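What follows is the residue order along each chain.
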Amino acid sequence: MNAWLMGADVLLFTLVPCGIAVFRGNAIERLVALEMAGIVQTILLVFLAEAFHRPSTYDLALAMALLTFGGGLVFARFLERWL
Amino acid sequence: MVANIAIAVLLALCVLSTAICCLALILVKDVFNRMHYLAPVTSFSVLALLAAVALQNGWSQGTIKTILILLVLFLVNAVLTHATARAARVRQFGHWLPHPKEHILGAPHGPSSQL
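Chains as they are written, first to last, in the working numbering: chain A, 1 to 83; chain B, 1 to 115.
Extracted from the complex, chain A is given alone in its bound form (with noise of 0.2 Å):
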């Protein structure tokens, strides 16, 4: 167990008032935490890279911080036009 693990575990627990405001309020609302629940995980990825000593696993965060960015874009741009 070292402090990166450790960490890893605290930030799982930080998900959890992400998944509560994921199912609360309206679409943008929802939104917004899932764009923050990317967010950690990208974090997350980076603290397992580092805690499993695996420098090849950080491309999954670089991927990760990508994604969330497109995938967010495409939840505005269908929320503000066509839902």
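No wet-lab data here; the hints were simulated from the structure. Keep in mind that a hint or two might mislead.
To be verified - Residues of chain B clear of chain A, computed beta-carbon distances all greater than 12 Å:
1) 27
2) 77
3) 98
4) 99
5) 100
6) 101
7) 102
8) 104
Claimed, not checked - Which residues of chain A face chain B? A partial, calculated answer using Cβ under 7 Å:
9) 3
10) 14
11) 31
12) 36
13) 46
14) 51
15) 58
16) 60
17) 61
18) 69
19) 79
This structure is a prediction, so every number in the text was calculated from the model and none was measured. Using N, Cα and C, we set each Cβ at its ideal position, and we do this for glycine too.
With chain A fixed as given, assemble chain B onto it according to the hints.
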């Protein structure tokens, strides 16, 4: 030994600031105020994380990729928050430009159809 303590402190700062911003998601009422809490996570938290990774590994593959992640999150979050706020205004007021009654200095006003 000192490096380990510094890494632990930086990780604690990262986790703590992330936790505070996540809690704000359910405590803050207005959606536009909630969007502000996306910014500290993509700047301060990731910066503390980058410092910890750099302390741990020095100039390595992990540090370079964490710098990339910081840049991506920092730039992407600004665009994403703007797009989300714009969608929120369009859903709320029918148009994203300021309402004539809002008197926002220097901002172009939306179509009069909003009145």
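Consistency of the hints with the structure:
{"no.": "1", "hint": "27", "in the structure": "9 Å, violated"}
{"no.": "2", "hint": "77", "in the structure": "7 Å, violated"}
{"no.": "3", "hint": "98", "in the structure": "17 Å, holds"}
{"no.": "4", "hint": "99", "in the structure": "17 Å, holds"}
{"no.": "5", "hint": "100", "in the structure": "21 Å, holds"}
{"no.": "6", "hint": "101", "in the structure": "22 Å, holds"}
{"no.": "7", "hint": "102", "in the structure": "19 Å, holds"}
{"no.": "8", "hint": "104", "in the structure": "20 Å, holds"}
{"no.": "9", "hint": "3", "in the structure": "5 Å, holds"}
{"no.": "10", "hint": "14", "in the structure": "4 Å, holds"}
{"no.": "11", "hint": "31", "in the structure": "6 Å, holds"}
{"no.": "12", "hint": "36", "in the structure": "6 Å, holds"}
{"no.": "13", "hint": "46", "in the structure": "6 Å, holds"}
{"no.": "14", "hint": "51", "in the structure": "10 Å, violated"}
{"no.": "15", "hint": "58", "in the structure": "4 Å, holds"}
{"no.": "16", "hint": "60", "in the structure": "10 Å, violated"}
{"no.": "17", "hint": "61", "in the structure": "6 Å, holds"}
{"no.": "18", "hint": "69", "in the structure": "4 Å, holds"}
{"no.": "19", "hint": "79", "in the structure": "5 Å, holds"}
In summary, the structure is inconsistent with hints 1, 2, 14, 16 from the numbered list given earlier, while agreeing with the others.
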